[in-house]
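Q: Sequence:
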Amino acid sequence: MTAGTASVSAMTAGCACGSMSGLACTGVIAMNAYGLLFATHVAAGTVALLTFWSAALLRKGSQPHRLVGRAYLLAMVCVIATALPMCVVQYQRGQPVTAAFLAYLVVITSTAVWSAWRAVRDKHDVVRYTGPVFVVLGVLSLLTGAAVLALGVRVNSPLLMGFSSIGLVAGIDTLLKRIRREKMAARPGWWRTEHYTSMLGNGIATHIAFLGIGLPRLLPSLGGSSLQYLAWFGPLLVAVLAKLWLDRRWKPGPARPTGRAMDSLQRSA
218 MTAGTASVSA
228 MTAGCACGSM
238 SGLACTGVIA
248 MNAYGLLFAT
258 HVAAGTVALL
268 TFWSAALLRK
278 GSQPHRLVGR
288 AYLLAMVCVI
298 ATALPMCVVQ
308 YQRGQPVTAA
318 FLAYLVVITS
328 TAVWSAWRAV
338 RDKHDVVRYT
348 GPVFVVLGVL
358 SLLTGAAVLA
368 LGVRVNSPLL
378 MGFSSIGLVA
388 GIDTLLKRIR
398 REKMAARPGW
408 WRTEHYTSML
418 GNGIATHIAF
428 LGIGLPRLLP
438 SLGGSSLQYL
448 AWFGPLLVAV
458 LAKLWLDRRW
468 KPGPARPTGR
478 AMDSLQRSA
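When the sequence shown is numbered by our numbering, its final residue is 486 and no position is left out of the sequence of numbers.
Errors might be hidden in some of the hints.
To be verified - Within a straight-line C-alpha distance of at most 27 angstroms, the following computed DSS-like cross-link-like pairs (lysine-lysine) qualify:
no., residue 1, residue 2
1, K468, K394
2, K277, K400
3, K277, K340
4, K460, K394
5, K277, K460
6, K277, K394
7, K394, K340
8, K400, K340
9, K340, K460
10, K340, K468
11, K468, K400
12, K460, K400
13, K468, K277
By construction, these hints were calculated from the structure, which means they are not laboratory data.
Starting from the given sequences, assemble the full structure and let the hints guide the process.
A: Below you can see the structure in the form of structure tokens.
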């Protein structure tokens with residue numbers, strides 16, 4: 218039994234014995250449940266940070282790279298799953314802006330996690346890769362990006378306005394890929410580009426969570442608006458530079474559909 222579970226059990230027992238009022242008991246249990254949820258979120262984020270760099274440093278395509286990459290994506294699924302109820306809690310606590318931004322991060326991170334996974338699984342079937350889930354996530358990214366932009370303008374937040382561009386660009390790019398998937402299928406190694414682009418998006422989320430949220434809690438002296446903006450926009454800049462370098466390294470040759478990709482397109486026609 219974990220410390221958090223034991224704490225909740227103890228509080229429940231105390232309430233049963235009438236040691237505190239029903240309302241107070243419910244509040245304490247809720248606080249402990251949220252603490253356990255937050256601890257799980259942080260633990261999953263820590264695993265994600267470690268496995269992200271482990272996968273990045275391992276030889277691409279090797280068995281260790283694939284195994285660590287799967288561990289990373291599973292950790293990110295846990296991060297997303299625990300972030301959803303945290304959005305609700307933040308809203309109930311009277312922090313709608315924080316709740317809205319957290320929900321937006323859940324959407325764009327879910328999009329990146331899905332694409333990173335499916336790009337490898339569907340490397341020979343571009344039609345399956347750009348299926349209904351791909352389109353829905355693209356639409357959600359676009360809509361939430363527009364909503365965060367409007368929210369940023371309303372509350373005069375450069376951070377919100379700046380980060381809305383990620384959802385807007387990702388959403389438009391996703392929908393264009395769906396419309397032009399024949400062209401994408403004709404590009405050699407399209408799945409590799411999709412995979413590392415999505416992983417860079419995941420890396421942005423992982424490092425922002427650590428530098429912008431986790432590290433200031435561990436070292437309060439690192440607070441301040443300038444460092445906060447650096448923590449949020451620094452990973453974005455690094456990811457853009459890494460994307461340019463990887464695109465140059467894996468620059469495709471003449472575009473021509475592979476046999477299996479062409480078959481999938483013909484079946485969908």
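Q: Take the hints in turn and mark each one as holding or not.
A: Here is how each hint holds up against the structure:
no., hint, verdict
1, K468 <-> K394, "18 angstroms, holds"
2, K277 <-> K400, "25 angstroms, holds"
3, K277 <-> K340, "15 angstroms, holds"
4, K460 <-> K394, "18 angstroms, holds"
5, K277 <-> K460, "16 angstroms, holds"
6, K277 <-> K394, "25 angstroms, holds"
7, K394 <-> K340, "15 angstroms, holds"
8, K400 <-> K340, "15 angstroms, holds"
9, K340 <-> K460, "20 angstroms, holds"
10, K340 <-> K468, "17 angstroms, holds"
11, K468 <-> K400, "15 angstroms, holds"
12, K460 <-> K400, "20 angstroms, holds"
13, K468 <-> K277, "16 angstroms, holds"
Checked against the numbered hints given earlier, the structure satisfies every one of them.
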